[in-house]
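*Asks:* Sequence:
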Amino acid sequence: MNTATYKDAETWNRALLGKTFVSSADKAKNQGQANVETASAFTEADLPKKHRIIKPDELTTTDFVEDRLNYFFFQKEFTSSVSTASIMNLDNQQSTKGQKDIHTPMAYACVYVDGVIWNLKDLPVTVPVKVFSNPVQSSVDPRSRQYVRRPSNGSIMAMTSVPQCLFGRIGQAISIHVIFPRLSPTFTPGGSGELPAYLIRLWQDLVVNPAYKSCLPRSYLESLETTNKAMDSPNSKDSSGIFLPPYEVLRVTRTMRKLVEDDDFLRCRFGEFFFHVAFHNIHRTVTIPLVNLSQPEEVRQWRERALKEYVELFDEGERETMQLDVGLRFIASGSAVIAHGPIHLLWKADPSLQLGGGTWRSPRWKRWWTFPNASSMEVGGARDNVVDFNGSPPDVSYVQTSNMDDTVLHRVSSRLTSNLTWRDMQWSNRRFSSSWEEIMKCIEGGARTSWSTKLQVRMSSKLFYGTTDLGGLLHTGSALCRNVEDYFMAMPSLLVARYKAANMWTVRDGAMRVDAHTAPGRVPMDPERQGFMRVLEEMYRMFLP
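Letter by letter, the sequence shown follows residues 1 to 545 of full-length UniProt numbering.
These are computed hints drawn from the structure, not numbers from a lab.
Pair ranges (Cβ atoms, derived): (1) G445 - M512: 21 to 27 Å; (2) A197 - K308: 36 to 42 Å; (3) K213 - T186: 27 to 33 Å; (4) S155 - L221: 36 to 42 Å; (5) R430 - G171: 36 to 42 Å.
Just so you know, even glycine gets a beta-carbon here, dropped at the ideal spot from N, CA and C.
The whole structure should be built from the sequences, with the hints applied where relevant.
*Replies:* See below:
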């Protein structure tokens, strides 16, 4: 078999799928023996070196499936006779029926809080806040998943698209944004969340600064005056400001609202403004093994201990307006990883959807990009996450399952491919080839990692604090751990990386073919070849989450 006879990497990969690597020396030595089936084996000659995704000796493990795409990885002492099917049958669990090559190890589960959100009319804080005299353009974190109803026509739009600016900051990580529902679309057409410079100046000159002068003692005003020169460049990347104690912050924000409500000019522009306070990615400090929350008292102690510094940022009366992103993270057990190397855990498609089924809305689902029977899903949308000061937040705003490598790779690929067009689909084009190389590095790194899955719920503080099992989330986690094979599938991380790499090689080979028939530095004018490049672009985006 000679790889030169194959037209592309996808065909080449399919031709080797299911076959066993045998070194040329062993094949020659065993030639003619009955126990060696030549048709089911391949040698070094069948594996072009340019298609390696892992360099020699970069990984070490004692037990893994036979290699298909990188024979250098499997030196003789590491080669195992264990098949893909049997290697994943770990911890005495039975393999999933109907899934010949995909099996599930015991799962380790932990509970975490990823974010806390408030929407407030004023700021009854209990800690100092740094307020800015020249607020920079700063957008609400998209992970807030919040929506706002336009007062003008009642339509719903994402908070990230509503005009906003930075008001202040608590510490280094917690930003306080002012949201202006009335400005869109009359004063800021286009659905952009960016507040024009003249409106920032108007907000500061007619609302914020007068509130400062009305509420703050002279010492604070003098400190602000020394920074007001920065107002000449409201789009500066640096914000200047001062720290205000909690009682002054509350006085200032209430005065700001009164100034707006008492003036028709200000009310039609800034009326119904509110403050959005959110911080995400705190799970590193508030994560605990699920088995440590088996008793109600353990749950109570964890809630109070883990979230104390966040919950106590505002007066206790504001706790009922708080929302929390709480989740479960599942990963292959330590014993499985030690025995078999990095393991890739995935949600099965149908069971994943069932976790969000039977609720207030049908789940949206997204196929995982390598296997059609793996999926993530989300339940909940704009109507469930609209900011409403006339009532408490819903007990559950959304439910989401996710495969973590999908999330990580999406962040990388979206950044690298967002500006690419079909005209860039030539290997000689550095925009394309450099993005391809960076994504491949991400795939290579994924082969060294055990990947987890997540089940995340946005719940109200009432549900979080008012139930002994976090609104049923702990019960769900325990049930999933008892029935791992019903909800998850798993494969060796290295094998998954090879499937991803095969997709990428297909695109690269196509881009090289364009170069082979095109003058250097020129875009092909042939409509048929341009159509091929458009197909390559679609493939490139399709292969990435």
